[in-house]
Every structure is written in structure tokens, then in C-alpha cells.
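Undergrad: As you go down the protein sequences, you meet chains E and F in turn.
Read in order, the letters of the first sequence correspond to residues 1 to 341 in the numbering used here.
Read in order, the letters of the second sequence correspond to residues 1001 to 1341 in the numbering used here.
One thing to keep in mind: the hints can contain errors.
Said to hold, decoys possible - In silico contact screen, one side only, chain E against chain F (beta carbon under 10 Å); selected entries: (1) M1; (2) L223; (3) W227; (4) E255; (5) G256; (6) A263; (7) V273; (8) W275; (9) H287.
To be verified - Some chain E residues near chain F, calculated using beta-carbon distances under 10 Å: (10) D138; (11) F140; (12) R186; (13) P222; (14) A226; (15) T230; (16) R233; (17) H262; (18) A267; (19) A268; (20) A278; (21) T279; (22) A281; (23) M283.
These are computed hints drawn from the structure, not numbers from a lab.
Just so it is clear, the structure is predicted and the values come from calculations on it, not from any experiment.
Even for Gly, the Cβ is constructed at its ideal location relative to N, Cα and C.
Number of protein chains: 2
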Amino acid sequence: MSPNDTRRPVVDTLLAGRPRAPRAEGAAFAPANIALVKYWGKRDAALNLPVTSSLSISLGELGSETRVAPAGRPGDTVLLGPDPAPAGFAARVSAYLDLVRPAPDFGFRVETHNRVPTAAGFASSASGFAALALALDDLFGWALDLPALSILARLGSGSACRSVFDGFVEWTAGSRPDGMDSHGRRLDATWPALRLALLPIETSAKPVSSRHGMRHTVETSPLYAAWPETVARDLESARAAIATRDFPRLGATAEGNAMAMHATMHAARPPLVYWTPATIAAMRRAHALRDEGRAVYLTMDAGPNPKLLFEADQADAVRAAFPNAVIVAPFGGPSARKPVA
Amino acid sequence: MSPNDTRRPVVDTLLAGRPRAPRAEGAAFAPANIALVKYWGKRDAALNLPVTSSLSISLGELGSETRVAPAGRPGDTVLLGPDPAPAGFAARVSAYLDLVRPAPDFGFRVETHNRVPTAAGFASSASGFAALALALDDLFGWALDLPALSILARLGSGSACRSVFDGFVEWTAGSRPDGMDSHGRRLDATWPALRLALLPIETSAKPVSSRHGMRHTVETSPLYAAWPETVARDLESARAAIATRDFPRLGATAEGNAMAMHATMHAARPPLVYWTPATIAAMRRAHALRDEGRAVYLTMDAGPNPKLLFEADQADAVRAAFPNAVIVAPFGGPSARKPVA
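Given these sequences and hints, build the entire structure.
TA: Structure follows, in C-alpha cells:
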């Protein structure tokens, strides 16, 4: 059974009664997002249903801009910027497009521009699949509501379901086998002073994909047993910190949660260690800032690049300690233009 | 209440009916030991009673040689090699000596020589307190049996209870509040081809003592909840690997267990990371040897220095990859002299 056998009935339910004929073009932007409480472990691999809920912050203007149009001939053309996308990624996109293809010989042309500093080793699959889902909605004129769009995006990449929204987003794990209750929703909160810094310390390709790393960890790490309970507590703490705008609490929770996620990988068998010597050096520099009394915290996804969390008043100190940092203002700021989505 | 209030009744029980008058001098050697399944977390801090059992390998000729004698005046003199021991360590030794001091104005002279490459950042408290316990037994002529000596050593430093023995040693956690069932015993097994390599990659002092790191992890790490069950399975696996002389199984179990221990620290709040950039580099080099099909595994204690586990036929490859490695043959070998204890 292929993943699409499981995904197709979900898509058919979402699109029941919606138009099936494409217009000339669809376009959309979706922001990248960084989880403050991580998604780590699936309960259903075909539907990308998570073991736990998660909570993220979208990156405003940083993300993916996608145009999708009928190719006018069989077979898909998948471009990343001006170039054909890597074969593996293109195949994943085509399998996803199979779910909404009007006819077997109908080809799509998909063109994605990532407004993300690629040197920061930044995963673009979340914003990419969110933008693709939104662009398809535009192309076909489905006019799906946000939960449905979030579910559609999730079928492409789990964390894409959070990139359908701006700001703070909580992805509720849900409990239904078909995942109809597993989607993102925007939290009613803004935090204009919030800043993130991407640290482009490692440019080489990841040795192990996060997809594989997640599965390996769930299957072999004896510490994974304690992960769901950790997430439950961290979610509660992160929600409370956002509600009360308690930055040290939000930062410490995000850092603790990211470290716990990496810890579950370190305990996998054989161990999975994404950290490089440069990761450790950056981590120590961040901890040194904290020892100086600065509220600077870090988070890390399944890769070697830490990201920093802080408030605007620490931006100069962060820039001094990390000259290569790309600083992002998720809720807008001097260097940010208005989010598109 | 001081720790000695809890320790004293235990010592009194152990020494009931034994001589109280010292002879001219006592002397003993005890090997250092490296845990293959780690001791990480105390259920009683004063008695050094562990949450779980653990399993170690003693390092043959590497360890501590201790002489203890009446000082002939009040106050203790504690020497490490030719020099006075650091004040903190000397105070810890004096508090321990209080437990067996014949009279308040009786001073001891303790002289310890560590036959351990100190550049490898090697903890000497295990062999040091084991040698001290054995030397005191010699000084007073107590003639305690091995379990009693192991308990006596444990009161100085938890893992010292394993350094009373050569070879593979299992420290049974026990369940009694007074710890009379918590001591080491030698496993009936030898493994002449077994080798360990100490990697002197970091010479600076540890920023956080393992004592403090252990407590911080137990108190704050959400993943510690899964540690006791992890140890239970690893102990079973290590015992079986030793019984069947299955080196890849022993190595993988030891590496997995050490990584899980560090993972519990990484998930502590705030995180506790002993790894340095050099640790990661050494780890990657060891994994690279494994990718070449070589059965080389690593273990790590609460510090930045990995140790390698392998069999004699891999010694040349290990030397080539780690020119600074200090290779140890726990059961004797070309470069090892007969263990003393």
C-alpha cells in the first residue's frame, strides 16, 4: 500500500463538492516556521499524524512563494528558483500532486522561490508544502477554510500544517485515525519585540534526513518514552509564557524542549548526533551570553544549526557575538516587510 | 544533619568487633574503573546509594596507590603525589576519615599516587576512595570481607565500591535504606582481548562536578524518568554479552548507555552539556571507524573525554585514528603489568 492510498480518502473528503477544473494559475506565499515545542515522532507516517501537539512561530516574510499552473502536457515540472528541483524532492511533490490531479495525463508546473537564507541550512519543506497547498486552493478555487488548508498542507509535510498561519501556531495532535482533528490554529497573541536569529554555521547537507531521524528515534531510543509527557508540560508552559509575555519562561521552555528532542536522538541506537563541533561552539557562546545576564535562548531542529530566541533589546549583543546571524522579526520590525499570507 | 550522621551507624555496624588501634602503616592499590552501564542518580546522597545497579570494567594497573598512617598529631595531612591535595578534596577525605578516627585529636597522613593519565581528565575519586578504604583496612587490621570493603569505599564515592575489584564488576543497587545490600561483586568472566582507550582531548577542569551534574539531572531532566528502565535493559544486555563474549553487543550496549546518560543531562533545565567541539570530533572519528566495519565503540563519563572500547585486533586502527590514545588492557596484555589488587 502506498501512502497515497491512505491520503486519498482524506483529500476526497476535504474537496467534496469543490471545483475540479483548474484556472490559469494559482499563487501563494507561506512563511517558514520554527517550533518552540517540537513535533518529533509520528503516529501515522502516511498522514503525517504526530504523537504530540506542537507550537511554532512563523517567520513573517521568510518563507516560500509558489506558483502552480497546468503544464499543458503530461508530467510535472517542479522548479526551485530557476532550476529543476532535486529529483527526490520533485518526486515527493509529484506524489502529492497525484492527490489532486484532475486526470492521469494532467501535468502541473510548480515554481517555488524560497525566501529563506539557504546557507542557514533551513528546512524549506514546511513553507514549501504550505505554499503549495495554498496555491492549489487558489488554482482550483476551492476556497477551503484554514483548518482544511492546514490538513492539506500536513499531508505534504507534517510541520507544513503550521506554516499556513502567521504568528504563534499550535498544531493539535488530534486523536482521529483520519487526522481530521489534527491541524494548526493561530494563537491570538502578538509579540512585536520577539526576535529569532538563524545561525548559518553549517552549509553541508544533513547526513540523515529529519524524517529518517524521527523514525529511528521513535523506534530505538529508550528515552523517547518520556518525550510525550515532556511535550505536554512544555506546551502548557509555552502557552502560559505567551499569554503573560514572560520571555525568560518562553525561552527556557523552548530551549529545554529542543535539547530534550536532541537528547532523544542522542540516546537512539545507534546514536543520532546532528551536532557538529560548530554547533557546540555556538551553544557555548549562547550560554555565555546568558551567564552575562542576557535573556538569549536557543532552539534547534533536526540538524546542526542552532537558532536564537531573544527580544529586540538584545539584538546588538547577539549581532556582536554572532556576526553571521540572520535576525528575524516574526511580528514585523525595522527590517521586516508585511507578511504576505 | 551532616552526611556523617547517616554514615556513622553504617560504619559502626561494619566495624563491630574489629580492632580500633592502628598499626604503623596501611597500604593498598585499587584500580580505576569505567562503567559500561552507568551509575547516574542517587536515591540517598549521604550513603551514595544509587537509583540503579551499574556494571564496570576495572583498569588493571591504572589506579590509585594509597598509604595511610597515624600523623602523630591532630589534623590530617592529605597528599596527592608529593603535593598537598586540593583543599576541597582534602576536606572530603578528612570528613571520611572522621568515620574511623580513633579519637578526635588523632590525625592521619594519607598519601595517594594516581597511576592514571591525568591529562585524560580521568576521575580518580573512585580508585582513590577504594584504595583508601583498603589501606584503612590494612592499617587497622580489620580484615573485612569484600562486600564490606565495597560498602566502606562507597561511603567515600559511589563508584569507588566497584574499584575494590578487578575485571567486570556489577554494583547491585540494593533496596535497604542503610545500603547494606548495595555493593560491588566481581563477575566470573575474563576477556583478555578487551581493550579500552582513554582519549586525552580535554585538559581543562570540568565546569560542573559529576556530583552536581547528577543531582541537577535527576531533579530537572524530564527524560530522567526513562533512565532506570534503560539501565535495567542495558544491564541484562551487557551481562549476556559478557557471558557469550559478544563484543559488538557489549560495545553497542555500553555506547548506547553512555549516550543515554549524556542525553538525560542535555535535557536537564538548564541544559548540562559536557561535550566540547573536541568531544564531537572524536565521536565522529569513532563512528567513522565503525562505518569502515571496525568494532570500535565509545563510552563517556560525566565529562568531555570519550573512551573507546574495542578488541586487540583493532588497536592499530585506533592508534592511527587517535595518536594520543592511552590504550589499556584490563585483563593484562603486552603493555600491562599484573594488577596489584
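Undergrad: The structure should be examined with respect to each hint, and the outcome stated for every one.
TA: Each hint, compared with the structure:
1. Hint on M1/E is violated. Least Cβ distance to chain F is approximately 33 Å, over the 10 Å limit.
2. For the restraint placing L223/E at the interface with chain F, the shortest Cβ-Cβ distance is roughly 5 Å, inside the 10 Å limit, so the hint holds.
3. Checking W227/E against chain F by beta carbon gives a least distance of about 8 Å; that is within 10 Å, so the hint holds.
4. Annotation: E255/E was flagged as interfacial toward chain F, and the flag holds, the nearest CB pair being 7 Å apart, inside 10 Å.
5. Nearest Cβ of chain F to the Cβ of G256/E: about 5 Å, under the 10 Å cut. The hint holds.
6. At a threshold of 10 Å, the smallest CB-CB gap from A263/E to chain F is about 4 Å, leaving the interface hint in force.
7. For V273/E, the suggested interface contact is upheld, since its CB lies about 7 Å from the closest CB of chain F, less than 10 Å.
8. With a least beta-carbon distance of about 6 Å to chain F, the hint placing W275/E at the interface is held under the 10 Å criterion.
9. Contact between H287/E and chain F, as hinted, is supported at the beta carbon level, the nearest pair being about 8 Å apart and thus within 10 Å.
10. The restraint placing D138/E at the interface with chain F is violated, with a minimum CB-CB distance near 42 Å, outside the 10 Å limit.
11. Interface hint status for F140/E: violated, as the beta-carbon distance to the closest one in chain F is roughly 44 Å, over 10 Å.
12. About 27 Å separates the beta-carbon of R186/E from the nearest beta-carbon of chain F, more than 10 Å, and the hint is not met.
13. Restraint check, P222/E versus chain F: the minimum CB separation of about 4 Å is within 10 Å; hint holds.
14. Nearest Cβ of chain F to the Cβ of A226/E: about 4 Å, under the 10 Å cut. The hint holds.
15. At a threshold of 10 Å, the smallest CB-CB gap from T230/E to chain F is about 4 Å, leaving the interface hint in force.
16. Because the beta carbon of R233/E sits about 7 Å from the nearest beta carbon in chain F, less than 10 Å, this interface hint is met.
17. Proximity of H262/E to chain F holds as hinted, the smallest CB-CB distance being about 6 Å (cut-off 10 Å).
18. The beta carbon of A267/E comes within 4 Å of a beta carbon in chain F, closer than 10 Å, and the hint placing it at the interface holds.
19. Hint status for A268/E: holds, given a least beta-carbon distance of 8 Å to chain F, under 10 Å.
20. The beta carbon of A278/E is positioned within 10 Å of a beta carbon in chain F (closest approach about 7 Å), and the interface hint is therefore held.
21. At its closest, the beta carbon of T279/E sits 7 Å from a beta carbon of chain F; the interface hint therefore holds under the 10 Å criterion.
22. A distance limit of 10 Å between C-beta atoms decides the matter here; for A281/E the minimum to chain F is near 5 Å, and the interface restraint holds.
23. Interface hint status for M283/E: upheld, as the beta-carbon distance to the closest one in chain F is roughly 7 Å, under 10 Å.
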